[in-house]
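Taken in order, these protein sequences are the chains called A and B.
So for the first sequence, the working numbering puts the first residue at 927; every next one is plus one.
So for the second sequence, the working numbering puts the first residue at 927; every next one is plus one.
What the hints contain is simulated information worked out from the structure, not anything from laboratory work.
All of these numbers come straight from a predicted model, not from anything done at the bench.
Some hints here could point you the wrong way.
Copies of the same chain are indistinguishable here, so a pair counts whether it falls within one copy or spans any two.
In silico lysine-lysine, DSS-like type, Cα no more than 25 angstroms apart, as pairs [claimed, not checked]:
{"id": "1", "residue 1": "Lys1015", "residue 2": "Lys981"}
{"id": "2", "residue 1": "Lys968", "residue 2": "Lys981"}
{"id": "3", "residue 1": "Lys1128", "residue 2": "Lys1093"}
{"id": "4", "residue 1": "Lys1093", "residue 2": "Lys1166"}
{"id": "5", "residue 1": "Lys1128", "residue 2": "Lys1021"}
{"id": "6", "residue 1": "Lys1128", "residue 2": "Lys1166"}
{"id": "7", "residue 1": "Lys1021", "residue 2": "Lys968"}
{"id": "8", "residue 1": "Lys974", "residue 2": "Lys1088"}
{"id": "9", "residue 1": "Lys981", "residue 2": "Lys1021"}
{"id": "10", "residue 1": "Lys1150", "residue 2": "Lys1021"}
{"id": "11", "residue 1": "Lys1128", "residue 2": "Lys1088"}
{"id": "12", "residue 1": "Lys1166", "residue 2": "Lys1081"}
{"id": "13", "residue 1": "Lys1166", "residue 2": "Lys1099"}
{"id": "14", "residue 1": "Lys1021", "residue 2": "Lys1093"}
{"id": "15", "residue 1": "Lys1021", "residue 2": "Lys974"}
{"id": "16", "residue 1": "Lys974", "residue 2": "Lys1015"}
{"id": "17", "residue 1": "Lys1179", "residue 2": "Lys974"}
{"id": "18", "residue 1": "Lys1128", "residue 2": "Lys968"}
{"id": "19", "residue 1": "Lys1166", "residue 2": "Lys1091"}
{"id": "20", "residue 1": "Lys1088", "residue 2": "Lys968"}
{"id": "21", "residue 1": "Lys968", "residue 2": "Lys1091"}
{"id": "22", "residue 1": "Lys974", "residue 2": "Lys1150"}
{"id": "23", "residue 1": "Lys1015", "residue 2": "Lys1166"}
{"id": "24", "residue 1": "Lys1128", "residue 2": "Lys1099"}
There are 2 protein chains.
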Amino acid sequence: MNCNETCTRRGFLKNTGLVAAAAGITLAVSGMPKFATAAAAKDGPTEKWPWPYEKLDPAVTAEIAYNEWYRAYCGAAVINSVFSQLRAKIGEPYKSFPVDAFLFLEGGVSGWGTICGSNAGANIVTNAILGPRIAGSETGMLMGSEIMQWYSDAKMPVFLPKEPKIKDELIPKTVAGSPLCHISVGRWMAEADKPLASAERKDRCARVAASVAYRTVELLNAWKDGAYVTTGAIPAMKYKIQAQHNCTDCHGKDVPSPPVAAAAK
Amino acid sequence: MNCNETCTRRGFLKNTGLVAAAAGITLAVSGMPKFATAAAAKDGPTEKWPWPYEKLDPAVTAEIAYNEWYRAYCGAAVINSVFSQLRAKIGEPYKSFPVDAFLFLEGGVSGWGTICGSNAGANIVTNAILGPRIAGSETGMLMGSEIMQWYSDAKMPVFLPKEPKIKDELIPKTVAGSPLCHISVGRWMAEADKPLASAERKDRCARVAASVAYRTVELLNAWKDGAYVTTGAIPAMKYKIQAQHNCTDCHGKDVPSPPVAAAAK
């Protein structure tokens, strides 16, 4: 694959026809190519979608996430910033969701640096509330994907807490270009010249969780209003392999081409 | 960081003192360095740990996961292979866990190629059943981490289904060296010369889900018997950044050193 054009945000959007969508023009979700054949969902008591939702204040949600980070870290902080409010406003099925079990999302899943826990938490929130595509709608998956793209492109952290534990000027903003914890934190650490265990790095990640929680609620509120137009996409559809858009970051100029047709064997 | 020694499985174990543990000698989990300060868990009705567990048949579980892959894909397949049986044997809190919402784990989270959904699903299972470390035990997190290491090192797929949809000889085995979907699937596709959309690639991923489900139940059963000795570790503790053990795969010889002490600013 020649990655020079396609392996950028702009190139990806251009090639998938999503530039119009990103500019705010409606993309019919049902027009997305199917990732696989649909099938019926199971029928646990919480497996009926969408879950009831009431609009939340993004800034209030972000403050909760910021403080929750210091208790349960990025993934659980994002989930609980939304679900704790919906437990109080609505009750079930939010009360029965074991939010704290998702503490392990910290550090890109138990310190392995894979998907940033804030992104994982946001995807859990959108997919738990809107449901899986086998239950009839791809919106939850595409909203989660949109958040990962926004995260990758944003100068993070976006959100400034009201009562920061570390002064704002000590927390620089960096662009990850990726939804991965390793790259997101690594680029920030290089810019800030602060180690993993520093108070500044921790506060940066708490602010990232808050930023993602804010964005997630903005999108959920738009959906509740019937005004949500997704810019989310499934990268595997474009690249013919499950992938980010930053191929050259790891592969350099020699981006391999995936097999595109079954070989006769 | 000089990665020549530390960025290998053996070097990692050697440097963290886990060679003895990997060899089967007991490592006290409480002796692991803490990733952060413990705090109290919240008290939703399902947030009491450990959840009740009854030993399952690993082979039966793997067969369920293999077939569930074709309905709900890797992450939900691994979760449901365990939880569907525990819903029948025990009931709550498994009935209220919205397994199908985790379909989005497919393709390394909605086709982005981050953590393999089978690994994500296994971590959800171990952490939901054993609980987060802020509830008193690190075992769920370390068991999940152990599964990711096993996944990275294994010739995948390990499990052979009783009634395969594709003949065994058409599914080669490859070593990912990583818990990421992109690398795991990419190396298999290169070896098999089969595209993402091929029936062989799909069956390979269904078998990977089955393999991970099998291993997860083996470890849970050992825990239930009081015989579980973890070989899991938190890579961020070693590398001073959230990371895998394959630094040179992306960085080549120029593996950057993370900041190790707060700079005066």
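**Request:** Taking the numbered hints from earlier one at a time, note which ones the structure violates and give those numbers from smallest to largest.
**Result:** 5, 8, 14, 17, 23
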